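Novice: Protein sequence lines correspond, in order, to chains A and B. Going by the numbering used here, the first residue of the first sequence is number 85, and it counts up by one from there. Going by the numbering used here, the first residue of the second sequence is number 85, and it counts up by one from there.
Simulated from the structure, these hints should not be mistaken for lab results. Source: prediction; values computed, not measured. Worth double-checking, as some hints may not be accurate.
You can't tell identical chains apart in this list, so a pair holds if it fits in one copy or across any two.
In silico DMTMM-like links for lysine to aspartate or glutamate, alpha-carbon gap of 20 Å or less [unchecked claim]:
| # | residue 1 | residue 2 |
| --- | --- | --- |
| 1 | 462 | 88 |
| 2 | 180 | 612 |
| 3 | 426 | 492 |
| 4 | 426 | 390 |
| 5 | 426 | 265 |
| 6 | 365 | 243 |
| 7 | 426 | 129 |
| 8 | 180 | 520 |
| 9 | 609 | 558 |
| 10 | 488 | 441 |
| 11 | 629 | 378 |
| 12 | 426 | 131 |
| 13 | 402 | 137 |
| 14 | 488 | 444 |
| 15 | 311 | 541 |
| 16 | 488 | 410 |
| 17 | 629 | 541 |
| 18 | 402 | 590 |
| 19 | 462 | 137 |
| 20 | 274 | 197 |
| 21 | 426 | 371 |
Number of protein chains: 2
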Amino acid sequence: MTTERLIYLPLGGAGEIGMNAYVYGYGAPGAERLILVDLGVTFPDMETSPGVDIIMPDITWLEERKDRLEAIFVTHAHEDHVGALGHLYERLGAPKIYARAFTANIGRGKLGEYGIGDQAITTASAWPEVVEAGPFKVGFLPISHSIPESSGLVIDSPEGRVIHTGDFKLDLDPLVGEAFDPDLWRDVAKPGVKALVCDSTNVFSHHEGRSEITVGPEIEKLVSQAKGMFVATTFASNVARVKTLAEAGERAGRSICLMGRAMRRMIEAAIETGVLKDFPKVVSPEDAQSIPRENLMLLVTGSQGERRAASAQLARGKYNGIKMAEGDTFLFSSKTIPGNEKGVIAIINAFSEQGVDVIDDSSGLYHVSGHANRPDLKRMHEVVAPQMVIPMHGEHRHLREHAKLAGEGRLSSIIAVNGMMLNLSGNAPEVVEYVETGRTYLDGSVQIGALDGIVRDRIRMALNGHVTITAILDEEDEPLGEPWCDVKGLPETGRSRASLVEVLEEDLAQFLGRADSRTLGNDDKLEEALRRVVRNSANEEIGRKPEVTVVISRLSA
Amino acid sequence: MTTERLIYLPLGGAGEIGMNAYVYGYGAPGAERLILVDLGVTFPDMETSPGVDIIMPDITWLEERKDRLEAIFVTHAHEDHVGALGHLYERLGAPKIYARAFTANIGRGKLGEYGIGDQAITTASAWPEVVEAGPFKVGFLPISHSIPESSGLVIDSPEGRVIHTGDFKLDLDPLVGEAFDPDLWRDVAKPGVKALVCDSTNVFSHHEGRSEITVGPEIEKLVSQAKGMFVATTFASNVARVKTLAEAGERAGRSICLMGRAMRRMIEAAIETGVLKDFPKVVSPEDAQSIPRENLMLLVTGSQGERRAASAQLARGKYNGIKMAEGDTFLFSSKTIPGNEKGVIAIINAFSEQGVDVIDDSSGLYHVSGHANRPDLKRMHEVVAPQMVIPMHGEHRHLREHAKLAGEGRLSSIIAVNGMMLNLSGNAPEVVEYVETGRTYLDGSVQIGALDGIVRDRIRMALNGHVTITAILDEEDEPLGEPWCDVKGLPETGRSRASLVEVLEEDLAQFLGRADSRTLGNDDKLEEALRRVVRNSANEEIGRKPEVTVVISRLSA
C-alpha cells in the first residue's frame, strides 16, 4: 500500500554554497509531481576544474523524470540561483518558469543566450497571489537580500505548507526592494508550517545582521574626503549598494560612470522593472575621460578579483580609456568570498604600485552581508514556528551548525545534503532515498561530467607535463628508424645535463633494439612498455613522471 | 672617482611575503664585498605554478658575484628564511653560513638533504658577540617571534650601523625563546643607526600585538571542557604554542601525541638545542591507539590545509591508525594564510561530516600573530631611532603603508622592491641600480626559471587540453595513409555528436588531400597548417582551441 507523500531533494546547494537546485514533490512514491526551486551555477577554479567555464548541478535524476516536472520557481537573480537556466532548460523539457519581475528580466537574458524567447519565463506577482503547479500552490513572499525582489516561497501541498526562504536577511530598510515584514511572515505562518527550508550561509556570524542603510553614511564620509578619482567596486547585483555609492558620489559633486557589463545590465534591469526609481545621472566611459578626476566616480565590476572584470583591468593598466593614478582611491564595498583572496590581493598590490589608496573590507564599515546571521536565523525560526527546520544553502559545517541552532529552539531538524531525499509528510524529516548527484561542467560549449576524467587528465598534464612518443614499425614489426619524443611542460635538461628529449629517445631506441617480437607485435604491450621507459627515464633525469601519449604507426604491406 | 658605499639589495621578500633574501654590500661601486641575509622559499599553487615543488629567489646576480660573497646570515628557521639553503648552497660557491643554535639545527637538516655536512653552518652566539665577514661585523640580536631564537641582525660597516629586524613581534613573555628587551635594543641603537630594515607584515593591523602568553588560559578552558579526543593544529615551528597546547592537555589528564614529521622535528630541535627545557611526556602514535579518546590529545601538522599533512589525512580518514569520531574536538590554533582558505575549509567540512566540532581562528582567542602590528612597528622605529626606515618582508601594499608610517614619524623611507639596489651611505636611501630578479622553481629535481615557458605550457594544457597529430609522408612528400589524432583532457563528443577524434581526423585528411607540395614539403609550414586545422575544427565542435603537438614522419628512400 502506498500513500502520497511530500518530498524534498536538494540536487545542488546543500553541502556547498553555490549551484542551488532544490526539488519538491508530492504524490505516490516514485510518481510524485515535481517542482524545482532555483537552478544556479558555481564557479570553477584552477585547483579542481581548470579550463571549465561554469559548474552546474548534475540534473540527470530530474531529466529522467522531466515528464513529472510541473515548473521551475526562481527565488532571486543571483548567479547561484538563476545561472544554469539557459544551459539546462532544454534538457529539462522546456518547463514553465516563474519568477518576479526583476528576476525574470535577468533570467530572460540567460535564456536568450540559447535563443529561448522571453515567454519562457512567466512574471509572477508577490504573495498573496499564487501559482498553481500540479498539486502545489506556490507564492512569492518578499524578503530582503542583497539583490532586489528576493523572495521566499510559500509552497502549499495537500500535506501542508512549506516555506523555502531563498537567500535572505532581516533588513527593515534595504533601500531598494522590499523590507523584511515580520507581520506578513507571521501571518503566512499562522495556519501552521510543516517545514522551514532555510538559508544557512551566516550561521557562524554571532552578531545581529546590519541593515543596508548603515553603510551609506560611512561611504559618504569617505567619498567626501577623497582627493583624486574615486573608484568603488561591489557585487553588480547589489543595486541598493550601487545606488548608495552613486548618491554619495553625486553629493560630493562627482559624475558617476558605470563600468563593466554586469554593472550596467543590473541597473538597467532594475530601472526597466521599476525596482529602481531614482538613480543619479550617469556619464558614459567616453565622456568620463574628459572629466577632471577629482570630479569623477567610477563604479566598477570585479569585487572578487575576476581577471577580466573592470577592477582587474584597471589594476593592469587602462580600462575604457581610463587609468588610475597616484592619489586616487579604490574602495572594495564588498567582502572577499573564500578562495578569491589571491586575486583580490593581487589587485590591491597593483593599485599600491600605482600610488592608489585602497580601502578593503577589513574595517567592516563599507559592506554588510546579504544573509541572516545566527540571531536572525533564530528569529526567523521563531516567526515561522515550523514543525521542522531543513537547513540549506550552506557547506556541511553550516548545515550542521544550523541544525544545532534549530535543536536549541527544540525544533526538529536534519542535515540533508545533495542527493538525500527527505519525506516531510510525518512530524519529523525522514530520509527515504539517496539519489546520485554531482557536478556538470560547461567546458567550452560542451557539457561534461565532473568525474568523466577529462578534467583529471588536464590536471595531470599541469602537474606532470606531457611527452608524445612516436614509433614507426614496418610490415615485419621491425622499428623503422628510431622512435622520437616531443615534450611539453618539462625542463629541457636534467641530471645528466644532456637534452631531456635526447636522453628519452636514446633510452627508447635501446629498448626497441632489445624488445622481443611479442612486444613489438602487440600495440597494447608496446605502448605500455614505451610509456614505462619514458616515465622511468624522465624520473631519473628530472625527478618527475610525465603524462605520456604513445603513437605507434605500422606500415602495411 | 669612486667612493666606497653601503648597499642594500633585496633579491626576494620585498614585494611579496615569502622567499626572503637580502644582500648587503660595502666597498667601491661594483666591487662591494657582500653578505646575504636569509635564503628562503615560497610555496607554489595550481593557479600560477602547477607541478612546481618549491619556489626560490632567482639568485643569478649573486651567483655571478659569489667570489665577493663573504657569508650568509640566517635570522630564524622559518621556511621563508631558511628553506632554500640546501638548494642554492653549491651555486653560491658553498659560502660560510652563520645562525644561532636552533636555526642552525634546522638549517643543517636542509643542507643534509643535499649531502652537505653539519660544519657548513657555524653556530653563532647572541649579541654582543659578532661575526666578522669582510668589511662587516654582524651580531645576532635576540627578538621575539613565533619560533625560538629569532634574531635581528646588527650589521656594522665603515658607513655605520644597520639593524635588520628579521621577523619580529614585541613580546615581553613569549614563553619559549627570548623576550623583546627594549633596553637592549635601545642600547644597541644608541651609537646611532643608519637604517632600520624592518618587517612590514602586520602594518595593517591597528591594535597592539598580543603576547603569546595570552592564548594559554583560553586553550586551557577549551581543553578542560572537551569530551572526546582533542586534536589541535598549529605551525609546527611555533614551539611555544605546541608547548602551551601540550601543557593544557596534560593538565586535563590527557596523554599527548605529536603527529606529523615537522611537528616532531621542531620539538626535537628545540630540546636538542636547549631552547625547550620542559615539555610534557609524549606517547607514540602506536601507543596512542590504545588510549581512551577522552584521555588523548593529538598535536598535528597541517594548519594550512596542506593535502599531505596530518590534519588533511585525519579529515580524509585514518592517520597513524587513528580516526576522528563524533564528539571529538579539532582546534585550529593558527590563522589561515591568504590563499589557503579553500584547503582549510575543505578540512573543516570533512570533520563536520564526521561529527567533529571544529574551532577555527575566527574568535581570535586561540592564536596570536608572530609579527609586529602597526603600533609595535611605530614603537620599534622610536626605540631604534634610525636615520631611515627600509620596509621589507611585505607585499607592495605593506611596504607602501610601512613607508607612510615611517613618514608619520618624520623618518626618511623608501619603497624598495626586489631588484632595487639602494645606496644607504647618504642621509636618505637612494636607488642606484635595478637588478634583474625573479623566481626559480624547483621542479621535480631540476631548477627552472619561472619565465622559461615550461610552467606556462603546463597551464595551457590544463586550460585547453592537448591534441597530438601524427602524419606520415612518403619519399615524394605524399601523405601515407591518413593523419590521426590523440586527445587528452578534451570532451569525447561535441556539437555534431560525432567522435571529436574522428571529426578532427576527417578535417585533417581533407586538408592534406588538397594541400599543395610547397606545404607538404616543408615541415614548419605543414606543422603550422595542421595545428590550425585542429584548433579551428575543435573550436567549432567543442568551443575550445586545444594545445597541439604535431609529429610529422617522413620516410626516407
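Novice: Decide, hint by hint, whether the structure agrees.
Specialist: Hint check:
1. 462 to 88: Intra 32 Å, inter 71 Å, cutoff 20 Å: neither.
2. 180 to 612: Neither, since 52 Å and 49 Å both go past 20 Å.
3. 426 to 492: Classified as neither; 38 Å inside a copy, 30 Å across copies.
4. 426 to 390: Answer is both: 10 Å inside a copy and 17 Å across each meet the 20 Å cutoff.
5. 426 to 265: neither (39 Å within a copy, 36 Å between copies)
6. 365 to 243: For residue 365 and residue 243, neither the intra-copy (51 Å) nor the inter-copy (61 Å) Cα distance is at most 20 Å.
7. 426 to 129: So residue 426 and residue 129 pass the 20 Å test inside a copy (12 Å) and across (11 Å) alike.
8. 180 to 520: Classified as neither; 25 Å inside a copy, 62 Å across copies.
9. 609 to 558: within (17 Å within a copy, 27 Å between copies)
10. 488 to 441: between (43 Å within a copy, 11 Å between copies)
11. 629 to 378: Classified as neither: same-chain Cα gap 57 Å, cross-chain 44 Å, threshold 20 Å.
12. 426 to 131: both (13 Å within a copy, 10 Å between copies)
13. 402 to 137: neither (26 Å within a copy, 35 Å between copies)
14. 488 to 444: The answer is between: 17 Å across copies meets 20 Å, while 33 Å in one copy does not.
15. 311 to 541: Close neither inside one copy (51 Å) nor across copies (44 Å); limit 20 Å.
16. 488 to 410: Only across copies: residue 488 and residue 410 sit 14 Å apart there, 51 Å inside one copy, limit 20 Å.
17. 629 to 541: Cα proximity of residue 629 and residue 541: in one copy and across copies (14 Å, 16 Å).
18. 402 to 590: Close neither inside one copy (51 Å) nor across copies (44 Å); limit 20 Å.
19. 462 to 137: Intra 37 Å, inter 47 Å, cutoff 20 Å: neither.
20. 274 to 197: Close neither inside one copy (42 Å) nor across copies (72 Å); limit 20 Å.
21. 426 to 371: neither (33 Å within a copy, 42 Å between copies)
Of the numbered hints listed earlier, those contradicted by the structure are 1, 2, 3, 5, 6, 8, 11, 13, 15, 18, 19, 20 and 21.
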